[in-house]
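For the record, the sequence lines run as chains E and H.
According to this note's numbering, the first sequence is numbered sequentially starting from 1.
According to this note's numbering, the second sequence is numbered sequentially starting from 1001.
Among these hints, one or two may not hold up.
Straight line, CA to CA, 25 Å or less: simulated PhoX-like cross-link-like pairs of lysine-lysine [what the hints assert, rightly or not]:
{"#": "1", "chain 1": "E", "residue 1": "K53", "chain 2": "H", "residue 2": "K1003"}
{"#": "2", "chain 1": "E", "residue 1": "K75", "chain 2": "H", "residue 2": "K1216"}
{"#": "3", "chain 1": "E", "residue 1": "K53", "chain 2": "H", "residue 2": "K1197"}
{"#": "4", "chain 1": "E", "residue 1": "K48", "chain 2": "H", "residue 2": "K1003"}
{"#": "5", "chain 1": "H", "residue 1": "K1210", "chain 2": "E", "residue 2": "K48"}
{"#": "6", "chain 1": "H", "residue 1": "K1210", "chain 2": "E", "residue 2": "K53"}
{"#": "7", "chain 1": "H", "residue 1": "K1517", "chain 2": "H", "residue 2": "K1554"}
{"#": "8", "chain 1": "H", "residue 1": "K1197", "chain 2": "E", "residue 2": "K48"}
{"#": "9", "chain 1": "E", "residue 1": "K53", "chain 2": "H", "residue 2": "K1517"}
Simulated restraints on C-beta separations [what the hints assert, rightly or not]:
{"#": "10", "chain 1": "E", "residue 1": "Q57", "chain 2": "H", "residue 2": "E1109", "range": "35 to 41 Å"}
{"#": "11", "chain 1": "E", "residue 1": "R49", "chain 2": "H", "residue 2": "H1135", "range": "56 to 62 Å"}
{"#": "12", "chain 1": "E", "residue 1": "R49", "chain 2": "H", "residue 2": "V1545", "range": "45 to 51 Å"}
{"#": "13", "chain 1": "E", "residue 1": "F50", "chain 2": "H", "residue 2": "F1078", "range": "42 to 48 Å"}
Source of the hints: derived by calculation from the structure; they are not laboratory data.
Note that the Cβ used here is the ideal one computed from N, Cα and C, for glycine as well.
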Amino acid sequence: MITMEALQEVFRDIFDDEELIIHEETNSDDIEDWDSLVHIQLLVTIEKRFGIKFTTQEVAHLQNVGEMLQVINSKIVSSDV
Amino acid sequence: MDKYTDYSELLNDSMKYARKLKKNPVTSKDGSETVRIAVLGSYSIQFFVMVLRYLLYLEDVQTDIYEGEYNGINMNVFDQDSPFYQFRPEIVIILPYHSDIVIKPSLFEGENEIQKKVESFVATYDQIWEKLNAHLTCHVLQANFVIPPIKKLGCLESNSIYSDTHFLKRINLEFEKRRPENVTIIDMEELASNVGKYQWFNYSSYFLSKSGFDIKFIGLAVREFVTPILALRGKIRKCLVLDLDNTLWGGVVSEEGCQGITIDQNSAEGEAYRAFQQYILDLKSRGVILAVCSKNEEKIAKEPFEKNENMLIKLSDVSCFIANWDDKVTNVNRIAEKLNIGVDSLVFVDDNPVERQLIKDFLPSVLVVDLPIDVAGYCLALEREKAFDWIQITPEDLSRSSSYRENVLRDKLRLSFDSYEEYLKNLEMTGKVSVLTKEYVGRFVQLINKSNQFNLRTKRYCEADVMNMMGNDDYCLLYVQLKDKYTDYGLISCVILKKQEDVCFIDTWLMSCRVLKRDVEKMVCGKIAEQAARWGLKYVLGEYVPSKKNGMVKELFPNLGFEKMPVSEENPQGIERYLLNLDSKPEWNYSIKLS
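Take the sequences, apply the hints, and build the full model.
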């Protein structure tokens, strides 16, 4: 199970901000530097760090951090089985 | 290698660097110039540009990068008023994508039709390169096409002239054949093949963000462009420094004896070491200098070369052989000194990780190859470092190794003379100073971009720059050739003079370090004075722009009889200017016969 804290670490790393706080509803409107380029970087780092792969459909539909976390954990759970 | 393959770290560091720059834009530090690079591509290039800027910064190259729009090759090149031309890039990177090629052969189409289609597509690139040449003075780094792993004809793709695969291969081949001199083809097809097409192509990221390839390879892809950019600026490596035991042969020669080392064809291990030696010889044959640095008694270290018939590398292949019990840091420095090249042009190869770490710690500018434990992997490990990616190879490169050996003969000769002047006379040198012609432009430009020590202003020019100056009557470009009774050095000095009102300005004056202390500069100075007189000018103006490496020419102008001029107060770079008045009819003496 990947926690919000673990995901927050990734965000803090990418945005170079140790005090950054994210929650379920956070999306690109809330963080100034979060443009399309950073978005790709975020996904690439998440994929590498948690050992998962987002599908095209999943990426296209992500609305906020909460959904991101849901998708990440759906992949971690299924690999345990 | 890690800095190119750890893509996640690389992206994050590049992004942090980009953010840092946004907050504090950098102005060029200590006189180093900013290179203007334009990147144009058919797919998304933002990450490419971001990583390019960062990797060049790590190599101490400041850049100003113009980022073309998505699908922006034609729209920038064919619009004379575009900001692209106003930006005046010195280097243009072009990144096409296979989907750019719309008209492909149809099923069963014949050779004539296919040839016409190849011609029609490649002609658009002839026009692109022509347009760039017409409006800019630049060097183009042109990526070729990566052929996708989707084969609609199945195995017949490689057996039918009308297949898409065949068509793309022909286009890539035409690129190689038809590129103008200032265009270098960057083989992305080769890189993609090496990493594996199934890995290279990431269709998800293509559909989501129009990425040309999987972001995993961003470091390796950008590196293909970083090495030629560095080469164009003279930052290349020239010499391979080799350990002996368990690097060139299996075993320790002081224990096994010169016939007991493993270098024969009867074992897999022997074959592996032979393959490595052959690879090294192949590098030497195209101009890489070989040096040996071994912890051994010299006599014992040399024995295999002299007596073991299975050795492929001979003593005559090695330009500098050092075997003693001193530490390798001292020895590597000695090698650089003896060969008269910078420590930063060395590549260090040693099977011992302790020795490698020592060099990494104390000589960080040396490229250290991390050899794998398995000798079978040596060739590929060295190959993947891309240590000797030069922008061109000239005949002078090929004779370099033997020239360094002939130095030994000259050193012996010098010991037999009482005065240095007598020694110089006895060398029977002949020199020739000529106006630059097209056939020597390649070597001329190579020397301009490689010379760091005997280089008064460290101005770098590309071939296009030089061709422009050759066509301009206000410039006079001279090249100098030198021979002595042992060696023909070929082209060893470059001079660019500019007629500026009433002075003859020395824009460029540099010389290869192999011919120092021969009074060549006196001969050249005489010719510079002659040209100034031909132009009807009374003065020759020389400038010394100090750099980290050119301390040796600080006193060149005073030694040649020039007068130092007063400097303005605002002179952060410490530039010194010197004037020679031709009315005083200056003369220079040298023991070189002019031909």
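Here is what the structure says about each hint:
A threshold of 25 Å between alpha carbons decides the hint, and for K53 of chain E with K1003 of chain H the separation of about 23 Å falls inside it, so the pair holds. Between K75 of chain E and K1216 of chain H the alpha-carbon distance is near 21 Å, which keeps this suggested pair within the 25 Å criterion. Under the criterion of a C-alpha separation no larger than 25 Å, the hint pairing K53 of chain E with K1197 of chain H is consistent with the structure, at around 19 Å. Simply put, K48 of chain E and K1003 of chain H have alpha-carbon atoms about 16 Å apart, close enough for the 25 Å limit, and the pair holds.
For the proposed pair K1210 of chain H and K48 of chain E, the alpha carbon gap of about 20 Å is at most 25 Å, so the pair holds. Restraint check: the Cα-Cα separation between K1210 of chain H and K53 of chain E comes to about 18 Å, which is no more than 25 Å; the hinted pair holds. Taking the CA atoms of K1517 of chain H and K1554 of chain H, the gap is near 15 Å; set against the 25 Å cutoff, the hint holds. For the hint pairing K1197 of chain H with K48 of chain E, the CA-to-CA distance comes to about 20 Å; that is within 25 Å, so the pair holds.
Straight-line distance between C-alpha atoms of K53 of chain E and K1517 of chain H comes to about 64 Å, which puts the hinted pair past the 25 Å bound. Q57 of chain E and E1109 of chain H have their C-beta atoms about 38 Å apart, which keeps the hinted 35 to 41 Å range intact. Our hint of 56 to 62 Å for R49 of chain E and H1135 of chain H is violated, since their Cβ atoms are close to 47 Å apart. Separated by about 48 Å at the C-beta atoms, R49 of chain E and V1545 of chain H satisfy the suggested range of 45 to 51 Å.
Evaluation of the 42 to 48 Å hint for F50 of chain E and F1078 of chain H yields a pass: the beta carbon distance comes to about 46 Å.
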